[in-house]
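Enquirer: Sequence:
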Amino acid sequence: MRVLLISFSGSGHTTLCGDYLKKHFEELGHECDHYKIKHDIPFNYDLKDYDLIGFGYPIHAFNAPAAFCKFVKHLPKMPKGTKKKYFFFKVSGEPFAPNNASSYHSYLKLKHRRFELVGEKHFLMPYNIMFRYRDSIAKQMYLYLDALTKVYVLELLEGNAEKIWYAPWHVVWSFILRIEWIAPFFNSPFVKVNKKKCVNCHKCINECPVGALFINKKGNIRIKATKCAMCMRCALFCPTDAFRYGFMNPWKVNGPFKYEQLKKDKNVDPEYIKHGVKGYFKLFNKYFDKQKKLLEKYNIPNPIEEYNSSN
1 MRVLLISFSG SGHTTLCGDY LKKHFEELGH ECDHYKIKHD IPFNYDLKDY
51 DLIGFGYPIH AFNAPAAFCK FVKHLPKMPK GTKKKYFFFK VSGEPFAPNN
101 ASSYHSYLKL KHRRFELVGE KHFLMPYNIM FRYRDSIAKQ MYLYLDALTK
151 VYVLELLEGN AEKIWYAPWH VVWSFILRIE WIAPFFNSPF VKVNKKKCVN
201 CHKCINECPV GALFINKKGN IRIKATKCAM CMRCALFCPT DAFRYGFMNP
251 WKVNGPFKYE QLKKDKNVDP EYIKHGVKGY FKLFNKYFDK QKKLLEKYNI
301 PNPIEEYNSS N
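Under the numbering used here, the final residue of the sequence shown carries the number 311; numbering is consecutive throughout.
Calculated directly from the structure, the hints in this document are not laboratory data. Computed from a predicted structure; not experimentally measured. You may find that some hints are simply not true.
[Claimed, not checked] Calculated lysine-lysine pairs in the DSSO-like style (CA-CA distance at most 30 Å, straight line): (1) K266 x K297; (2) K111 x K80; (3) K297 x K286; (4) K163 x K282; (5) K84 x K111; (6) K263 x K278; (7) K163 x K286; (8) K70 x K192; (9) K196 x K163; (10) K278 x K258; (11) K218 x K192; (12) K36 x K83; (13) K263 x K252; (14) K252 x K197; (15) K150 x K258; (16) K263 x K227.
Kindly generate the complete structure, drawing on both the sequences and the hints.
Expert: Here is the structure:
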């Protein structure tokens, strides 16, 4: 089987998810390519050459980012009499039900282009907005990601992957919150870069997936509202925390998680979310209970138990 993964990512979590999927497809003897949507990297793949397409994105306000939806909108129609099989993989920081409808807009566009949905899975990774997760939570989610992407590949190959139900009330809520797509027009003019902190590495400009950042005539870094996806990659990866992200600044998270370092650090608990935890993360137990059952079904070791036994 030939598989093509297409992902859009701001924080890098969806890219990481796609890379794990690619690894597991290849481990099972399948050819797999992974195209990462970026404004300066052309899409030179013929979809007719692939047996299965995977579309990945981060969930923004219970929706797929506008940049991802724009990419899907411009895909060609498949030939009459054929249907291209595809699946979604999506990433967010919380497991709440309204996230189920995040693919609905793209699902309709792909259906019109003669694509047939065969699976959809939601993976948890830390927020890059609102507040920073504890290292132990990030470590737990990272350890699970490898195992759960393997489960998903096995489900897809067996034809047993779950198709998420787009509940009408979730679809309506998702549609209302699609206002996030126009939020850059209001927020971008207020995004500033502290010149005293900025070291002119231009990492923000070079790595912006949509090419929204530029240097104006005064030498200041600014954002083009017409392009910005509000993925907040620029603020997250800024090495000196120089960004003031407009109205979103109180929710800004700076500094990516160094997952491999966390994995090796024995002082960081690999399981923060579990029965007995209190507060917000108590709501995550249902998600992890479901994933543990899937791991058992496919005889894949529980990543936390495996980690603890090896350390």
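Enquirer: For each hint, tell me whether it holds in the structure or not.
Expert: Evaluation of the provided hints:
1. K266 x K297: holds, 29 Å
2. K111 x K80: holds, 13 Å
3. K297 x K286: Within the cut-off at roughly 17 Å; holds.
4. K163 x K282: holds, 26 Å
5. K84 x K111: Satisfied, since the Cα-Cα distance of roughly 10 Å is no more than 30 Å.
6. K263 x K278: holds, 24 Å
7. K163 x K286: The given pair, whose Cα atoms are some 18 Å apart, holds under the 30 Å limit.
8. K70 x K192: Satisfied, since the Cα-Cα distance of roughly 27 Å is no more than 30 Å.
9. K196 x K163: Not OK: K196 and K163 at ~50 Å, beyond 30 Å, violated.
10. K278 x K258: Between K278 and K258 the Cα gap is close to 26 Å, so the pair holds against 30 Å.
11. K218 x K192: Holds: K218 and K192 sit about 13 Å apart, inside 30 Å.
12. K36 x K83: holds, 23 Å
13. K263 x K252: Satisfied, since the Cα-Cα distance of roughly 25 Å is no more than 30 Å.
14. K252 x K197: holds, 16 Å
15. K150 x K258: Between K150 and K258 the Cα gap is close to 22 Å, so the pair holds against 30 Å.
16. K263 x K227: violated, 36 Å
Hints 9 and 16 from the list above are not met by this structure, while the remaining hints are.
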